[in-house]
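S.K.: Each position in the sequence shown, counted from 1, maps to that position plus 10 in this note's numbering.
These are calculated hints, taken from the structure and not from any lab test.
Here are the computed lysine-lysine pairs in the DSS-like style, where the Cα-Cα straight-line distance is at most 30 Å: (1) K103 to K33; (2) K103 to K178; (3) K33 to K178.
Please read these numbers as outputs of a predicted model, since none were measured by experiment.
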Amino acid sequence: MSIAEILLVVAGLSINVFLISQKDGAMIRRIRPGSLLMLCVFFFVFESLSMLAGFRLTRITFFRNSSSTDLKKFCYFCAVVLFLIIAAYMLFKAFTEREIDEHLTEISITRTILQAIGVAVFAFICGIGWGFIGHNIYLATGVLAAATVIAVFSGIYMGYRDGCRYRKGFFAVGGSCLLFVGVEILVRYF
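Produce the entire structure from the sequences given, and follow the hints as far as they go.
M.R.: Spelled out as C-alpha coordinates, the structure:
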(Lines of atoms letter the chains of each structure in order from A and count residues from 1; the text may use other names and numbers.)
(Lines give C-alpha, C1' and ligand atoms only; values in the text may rest on other atoms or scores of the structure.)
Protein backbone atom coordinates (compact mmCIF):
# COMPACT_ATOMS: atom_id res chain seq x y z
CA MET A 1 0.00 0.00 0.00
CA SER A 2 1.45 3.33 -1.01
CA ILE A 3 1.89 6.44 1.11
CA ALA A 4 -0.90 8.12 -0.86
CA GLU A 5 -3.31 5.30 0.04
CA ILE A 6 -2.27 5.49 3.68
CA LEU A 7 -2.93 9.24 3.71
CA LEU A 8 -6.31 8.84 1.99
CA VAL A 9 -7.50 6.18 4.44
CA VAL A 10 -6.24 8.22 7.39
CA ALA A 11 -7.92 11.35 6.00
CA GLY A 12 -11.22 9.52 5.63
CA LEU A 13 -11.12 8.20 9.20
CA SER A 14 -9.85 11.46 10.68
CA ILE A 15 -12.59 13.48 9.06
CA ASN A 16 -15.12 11.35 10.90
CA VAL A 17 -13.37 12.12 14.20
CA PHE A 18 -13.17 15.79 13.23
CA LEU A 19 -16.94 15.93 12.64
CA ILE A 20 -17.73 14.35 16.00
CA SER A 21 -15.37 16.79 17.71
CA GLN A 22 -16.84 19.71 15.76
CA LYS A 23 -20.30 18.80 17.02
CA ASP A 24 -18.99 18.59 20.59
CA GLY A 25 -17.19 21.91 20.20
CA ALA A 26 -20.36 23.62 19.00
CA MET A 27 -22.20 22.57 22.13
CA ILE A 28 -19.80 23.45 24.93
CA ARG A 29 -19.82 26.65 26.98
CA ARG A 30 -16.05 26.94 27.00
CA ILE A 31 -13.09 24.79 26.07
CA ARG A 32 -11.58 23.08 29.08
CA PRO A 33 -8.08 21.66 28.64
CA GLY A 34 -8.94 18.58 30.71
CA SER A 35 -11.95 17.75 28.55
CA LEU A 36 -9.95 18.32 25.39
CA LEU A 37 -7.19 16.04 26.65
CA MET A 38 -9.78 13.39 27.58
CA LEU A 39 -11.24 13.48 24.07
CA CYS A 40 -7.80 13.19 22.50
CA VAL A 41 -6.80 10.26 24.67
CA PHE A 42 -10.02 8.30 24.17
CA PHE A 43 -10.13 8.76 20.42
CA PHE A 44 -6.37 8.14 20.12
CA VAL A 45 -6.51 4.89 22.09
CA PHE A 46 -9.73 3.53 20.58
CA GLU A 47 -8.77 4.33 16.98
CA SER A 48 -5.24 2.95 17.26
CA LEU A 49 -6.17 -0.24 19.07
CA SER A 50 -9.13 -0.90 16.79
CA MET A 51 -7.00 -0.51 13.67
CA LEU A 52 -4.40 -2.90 15.09
CA ALA A 53 -7.07 -5.38 16.24
CA GLY A 54 -8.64 -5.47 12.78
CA PHE A 55 -5.25 -6.04 11.23
CA ARG A 56 -4.36 -8.80 13.72
CA LEU A 57 -7.62 -10.57 12.94
CA THR A 58 -6.41 -11.10 9.38
CA ARG A 59 -3.02 -12.40 10.49
CA ILE A 60 -4.38 -15.78 11.53
CA THR A 61 -2.51 -18.69 10.03
CA PHE A 62 -5.16 -19.49 7.43
CA PHE A 63 -4.79 -16.14 5.67
CA ARG A 64 -1.09 -15.56 6.30
CA ASN A 65 0.25 -18.88 5.05
CA SER A 66 -2.08 -19.40 2.13
CA SER A 67 -0.56 -19.39 -1.32
CA SER A 68 -3.89 -19.69 -3.12
CA THR A 69 -4.42 -16.92 -5.65
CA ASP A 70 -8.18 -17.36 -5.32
CA LEU A 71 -8.02 -16.70 -1.59
CA LYS A 72 -5.81 -13.65 -2.15
CA LYS A 73 -8.23 -12.27 -4.73
CA PHE A 74 -11.09 -12.91 -2.31
CA CYS A 75 -9.20 -11.02 0.42
CA TYR A 76 -8.61 -8.09 -1.93
CA PHE A 77 -12.29 -8.13 -2.82
CA CYS A 78 -13.21 -8.11 0.88
CA ALA A 79 -10.91 -5.14 1.45
CA VAL A 80 -12.58 -3.27 -1.42
CA VAL A 81 -16.03 -4.00 -0.02
CA LEU A 82 -15.04 -2.85 3.48
CA PHE A 83 -13.60 0.45 2.25
CA LEU A 84 -16.61 1.03 0.00
CA ILE A 85 -19.05 0.38 2.87
CA ILE A 86 -17.44 3.10 4.98
CA ALA A 87 -17.29 5.43 1.96
CA ALA A 88 -20.97 4.81 1.23
CA TYR A 89 -21.89 5.60 4.84
CA MET A 90 -19.98 8.88 4.76
CA LEU A 91 -21.38 9.89 1.37
CA PHE A 92 -24.89 9.00 2.58
CA LYS A 93 -24.36 11.26 5.59
CA ALA A 94 -23.13 14.02 3.27
CA PHE A 95 -26.43 14.06 1.42
CA THR A 96 -28.88 13.28 4.23
CA GLU A 97 -27.38 15.03 7.26
CA ARG A 98 -29.85 17.34 8.95
CA GLU A 99 -28.88 20.58 10.59
CA ILE A 100 -27.78 20.17 14.18
CA ASP A 101 -29.56 22.06 16.89
CA GLU A 102 -26.78 23.56 18.92
CA HIS A 103 -27.31 23.77 22.66
CA LEU A 104 -24.99 24.22 25.58
CA THR A 105 -23.79 21.13 27.35
CA GLU A 106 -20.62 19.72 28.83
CA ILE A 107 -18.47 16.91 27.51
CA SER A 108 -19.15 13.76 29.51
CA ILE A 109 -16.97 10.69 29.83
CA THR A 110 -19.84 8.34 28.99
CA ARG A 111 -20.71 10.14 25.75
CA THR A 112 -17.04 10.41 24.82
CA ILE A 113 -16.51 6.67 25.29
CA LEU A 114 -19.58 5.87 23.21
CA GLN A 115 -18.43 8.22 20.44
CA ALA A 116 -14.92 6.74 20.52
CA ILE A 117 -16.33 3.21 20.26
CA GLY A 118 -18.51 4.27 17.32
CA VAL A 119 -15.54 5.73 15.49
CA ALA A 120 -13.39 2.74 16.44
CA VAL A 121 -15.74 0.47 14.50
CA PHE A 122 -14.67 2.21 11.29
CA ALA A 123 -11.01 1.94 12.27
CA PHE A 124 -11.51 -1.77 13.01
CA ILE A 125 -13.09 -2.31 9.59
CA CYS A 126 -10.24 -0.41 7.93
CA GLY A 127 -7.76 -2.51 9.91
CA ILE A 128 -9.35 -5.66 8.50
CA GLY A 129 -9.17 -4.21 4.99
CA TRP A 130 -5.57 -3.21 5.63
CA GLY A 131 -4.76 -6.70 6.80
CA PHE A 132 -6.07 -8.18 3.58
CA ILE A 133 -3.93 -5.91 1.40
CA GLY A 134 -1.67 -3.83 3.62
CA HIS A 135 1.99 -3.92 4.31
CA ASN A 136 2.93 -1.61 7.17
CA ILE A 137 0.14 -1.37 9.71
CA TYR A 138 2.36 0.32 12.27
CA LEU A 139 3.13 3.25 10.00
CA ALA A 140 -0.56 3.59 9.16
CA THR A 141 -1.58 3.37 12.83
CA GLY A 142 0.99 5.98 13.82
CA VAL A 143 -0.18 8.38 11.14
CA LEU A 144 -3.81 7.69 12.13
CA ALA A 145 -3.05 8.36 15.80
CA ALA A 146 -1.39 11.69 15.03
CA ALA A 147 -4.16 12.68 12.64
CA THR A 148 -6.78 11.74 15.24
CA VAL A 149 -5.29 14.09 17.84
CA ILE A 150 -5.11 16.89 15.26
CA ALA A 151 -8.70 16.18 14.18
CA VAL A 152 -9.97 16.36 17.77
CA PHE A 153 -8.20 19.66 18.46
CA SER A 154 -9.26 21.29 15.20
CA GLY A 155 -12.80 19.91 15.43
CA ILE A 156 -13.35 21.23 18.95
CA TYR A 157 -11.98 24.67 18.14
CA MET A 158 -13.79 24.98 14.81
CA GLY A 159 -17.06 23.84 16.38
CA TYR A 160 -16.62 26.22 19.29
CA ARG A 161 -15.86 29.13 16.98
CA ASP A 162 -18.06 28.46 13.94
CA GLY A 163 -20.61 25.87 15.02
CA CYS A 164 -21.45 22.92 12.79
CA ARG A 165 -20.86 24.50 9.41
CA TYR A 166 -19.58 22.60 6.40
CA ARG A 167 -20.42 19.15 7.82
CA LYS A 168 -21.88 17.88 4.56
CA GLY A 169 -18.80 18.92 2.64
CA PHE A 170 -16.49 17.24 5.14
CA PHE A 171 -18.51 14.03 4.99
CA ALA A 172 -18.31 14.13 1.20
CA VAL A 173 -14.53 14.62 1.24
CA GLY A 174 -13.98 11.78 3.75
CA GLY A 175 -16.25 9.43 1.82
CA SER A 176 -14.57 10.35 -1.44
CA CYS A 177 -11.12 9.56 0.00
CA LEU A 178 -12.21 6.08 1.05
CA LEU A 179 -14.14 5.55 -2.19
CA PHE A 180 -11.02 6.39 -4.16
CA VAL A 181 -8.94 3.89 -2.15
CA GLY A 182 -11.54 1.15 -2.66
CA VAL A 183 -11.75 1.75 -6.41
CA GLU A 184 -7.96 1.97 -6.69
CA ILE A 185 -7.55 -1.40 -4.96
CA LEU A 186 -10.20 -2.87 -7.24
CA VAL A 187 -8.42 -1.59 -10.35
CA ARG A 188 -4.96 -2.64 -9.16
CA TYR A 189 -5.75 -6.20 -8.10
CA PHE A 190 -8.51 -7.20 -10.52
